[in-house]
Amino acid sequence: MALRLRLEGVTYSYPLPGKDEAVAVTAVSLAVEPGDVLCLAGSNGSGKSTLAQVCTGLLAPSSGALYYGDERIEGRSALREFRRKVGLLFQNPEDQLFADTVEKDIAFGPHNHGLRGDALKARIQESAAMVGLPLDELGSRSPFSLSEGQKRRAALAGVLALDPEVLVLDEPFIGLDFEGRQSLASALTSYRAERGASIIIVTHELSHVWSLATTFGLLSEGRLVRFETREELLAGETDLAALGMQLPQWGSLARELLRAGVSLEDPADPRALAGAMAKRREATDGR
Amino acid sequence: MLADVETKDIKVEGISYTYEGADSPAIADIDLGLEHGKLYALLGRNGSGKSTLARCLNGLLLPGAGRVVSCGMDTSEPGSVLEVPRHVAMVFQNPDTQIVGATVEEEVAFGPENLGLPTGQIRERVDRALELAGITSLATRQPLRLSQGQKQLVAIAGAIAMEPDFLVSDESTSMLDYSARVRVLDLFEQLRDAGMGIIHVTHFLEEATLADEVVVLESGRLVAQGTPQETLGDPQRVRSLGLDPLAVTVVAYELARLGHAVPEDVLTVKELVSWLYA
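Residue numbers (the working numbering), protein chains in the order written: chain S, 10 to 296; chain C, 31 to 308.
For the record, the hints were derived by calculation from the structure and aren't laboratory data. Warning: the hint list may mix true and false statements.
[As the list claims (entries may be wrong)] If you anchor each label on the Cβ, the simulated ranges turn out as follows:
| # | chain 1 | residue 1 | chain 2 | residue 2 | range |
| --- | --- | --- | --- | --- | --- |
| 1 | S | GLY84 | C | LEU145 | 55 to 63 Å |
| 2 | C | GLN266 | S | ARG13 | 36 to 44 Å |
| 3 | S | LEU88 | C | THR166 | 26 to 34 Å |
No residue lacks a Cβ here, since even glycine has one placed at the ideal position from N, Cα and C.
Work the whole structure out from these sequences, hints included.
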């Protein structure tokens, strides 16, 4: 079960040659509650990946603070301890796959954490099942011989095998087709439900996380310019195009309907949208 | 053969391609005519053969059966190896893998230089390509220091500088953010209007709605071809092809089930919302 993860006034600058630095993230404060799925979205270069790395403890804030539960995470040993609770899926799965078989790849993390024998086997089975990867078919294959979608799932299984409380994923949906995205999304949903984990997803494409995310953190030039729920995002006036983003078609439709005074129970559910539209049309027709 | 030289279209005639060591063909028995001055969207789930077909169009892959006649040239003929890519240019998903120049203008000049054109003509082509892509201001910058979106525009400018009849985009927008994607798609429309044929491989159905014609592959076979309305309107069918149906079509389908006569060809939010007031 995850604890509350909180950033307070976090700024992060990358050191440049000489004494210069490049500020990637400026004064960001936010909180991720246990079980939240936070989408960090922004255009290329908005600082979203850097912010996600701060959330994993891989980058320590240049100023400001990272809290997990009531504890402030600072100093090497605290960061190291915190990183054991966090799983990170890189954008390119090949950056984290390395073993000569899929099974060994998934085993690497838990083995390092001291798991052996049947416990290790069970953990591998469980992680592979959660991402829908058939081990009997693929377990002894090289991870590099898999399709893009399978690679992504193998890498995720390796991350889940560490049983992280907080899961951070950088652009996990890029290059996956509809079915690949759906199966990844359902793996994340079930992991979150089973473990009470918090999930942070970095993306430039809101449509990929539209029904998955509970909260949206929108970044522009290193600043967090919006931090709101899907409902708030729809009801508000946030000009996404100005932030280099676009509402998915589901969102634009829901927003147009809300503006037309149609009330919506669940803006991400097609039946709810159709039902609300039908009701409105029937009222207009005077049926 | 002489008459063929005049044509600026691509004819795909019953082609199949099987990768070495693969049990089944990546594409099989594909017949397809592609005209210049049109924008095509090529859709299909991962592994459906989109990239393989795209690579056959400019001779990067040669079909094991059937033939591709690109701009009058059979891609399998020995003389076509260098000639076809001049007429059918390609841009890929990741611009980092295709950029070699030290500055943007050097990068864009790379193709025309290889054609052995005189310096003056190279300059003209580079300037024109940079202007079309809207990146004249980046001419002296280092390509690898640009944003992903800018890099992709550089890669496209490099392709345009070859003055091809066709541009094949293999998921060139999938790594780009919204504003960069809009710029690239605008550019594709502009090039189409100027007479170029564009074949855009994509996962985004919303992008496909901009196309003149949509082509869908499934397990290496061509399974749907037609206008966006004809091919993308039925969400059940779209889903069965492994694609994410447009939200509007899903809601329209639900409305129809509730007994409402929604026009069958709605693809955009505007069209569907206007039905509320029709």
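How the hints compare with the structure:
| no. | hint | result |
| --- | --- | --- |
| 1 | GLY84/S x LEU145/C: 55 to 63 Å | 60 Å, holds |
| 2 | GLN266/C x ARG13/S: 36 to 44 Å | 43 Å, holds |
| 3 | LEU88/S x THR166/C: 26 to 34 Å | 46 Å, violated |
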